[in-house]
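So the sequence lines, in the order shown, correspond to chains A and B.
The letter at position 86 of the first sequence is residue 86 when you use the numbering used here, and the numbering goes up by one with no holes.
Position in the second sequence counted from 1, then plus 1000, gives you the numbering used here.
Each statement offered as a hint is correct.
Now the stretches of chain A that chain B is said to cover, found in silico as 3 or more residues with beta-carbon under 8 angstroms: (1) 4 to 10; (2) 28 to 41.
Quick partial rundown of chain A residues pointing at chain B, CB under 7 angstroms, derived from the structure: (3) Ala13; (4) Asn14; (5) Gly15; (6) Val24.
Here are a few chain B residues that sit away from chain A, every Cβ distance over 12 angstroms (derived from the structure): (7) Asp1003; (8) Ala1008; (9) Tyr1064; (10) Gln1067; (11) Asn1080; (12) Leu1095; (13) Pro1139; (14) Ala1159; (15) Trp1164; (16) Thr1167; (17) Val1171.
These are calculated hints, taken from the structure and not from any lab test.
Remember, predicted model here, so these are calculated numbers, not experimental data.
Glycine residues also receive a C-beta, built at the ideal position from the N, C-alpha and C atoms.
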Amino acid sequence: MNDHLERLLRSAANGTRPDRETEVPFALETRVLASWRASRNSPALSLWDSVYRPALLLAGGIMIASLALNIGTLTHYRDQLTQNDTELSVADSALHLALAP
Amino acid sequence: MDDFDAPACIERVQCGDEAAARELFREFHPLVLRLVRSHLPRRTSEEDLCQAVFVKIFARLSQYSGQVPLSHWVSRITINTCLNELRAEKVRPELRMSDLSEAQAQVLENLTTASGDLAASESLASRELVELLLQKLDPDDRLVIHLLHLEERSVQEVATLTGWNRTMVKVKAFRARAKLRKHLATLREEEPL
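Chain A with its partners taken away, still in its complex shape (with noise of 0.2 angstroms):
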């Protein structure tokens, strides 16, 4: 088996398909060429867009993340100011009742 293998690869070795036609496409050399006219034209990273707005960016996902995070404690601190509320307005209508004549 090693043999035929080696036998094939020889002689495909040697087997080269009648040359095709090589001559620059018009087309592909303008396409290449107006590629490298674009990316010369095109402005460098300025501070902003290499710095700033990727810093915004990922200080705007921290901020969301943390509040996703922390949304069970926001709810259950809500709870606990309504409950406040509540004995506060049972205080208050005790203290009514008290001193109203």
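With chain A's structure known, arrange chain B on it following the hints.
Coordinates of chain B only, in the frame set by chain A:
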């Protein structure tokens, strides 16, 4: 390629000289085209791949240090671009006896029945058969077999072109040949006797 002054041309391209960019393109187009044709993925057009290669070449021109000839650097970018395209091609086609042309089937039969080298007239069919078998291999395996056995490059040349070290080239070639042998055996088992 004799009159081409690579460092001067690169400098002019970097200064924005369009004539120099065109000169660079025309100088290396035959080399890039030849490499792309040898390592072309099935579903990609050679012109699109050539364009992708040249866009990379122009984009990275400032990274060329001049330590190796420019043609080596261009070849390496071309090979790596082709390799990436081949890696993106997930599906490996099935290969059956019925897919072979008459000449390819004859080569397969002669491998079994005759001993010694195949006839010179069978070399083109042999190459087509090997290229069909290569489509069954992974991109790295395909590349190493192509460079070593079809283009008959040395291990050192393959190492330079791919960026792998010499040992890695030898190991990859050994494994690739083993896989190729297996696919050849499978195909031969199908052969009607």
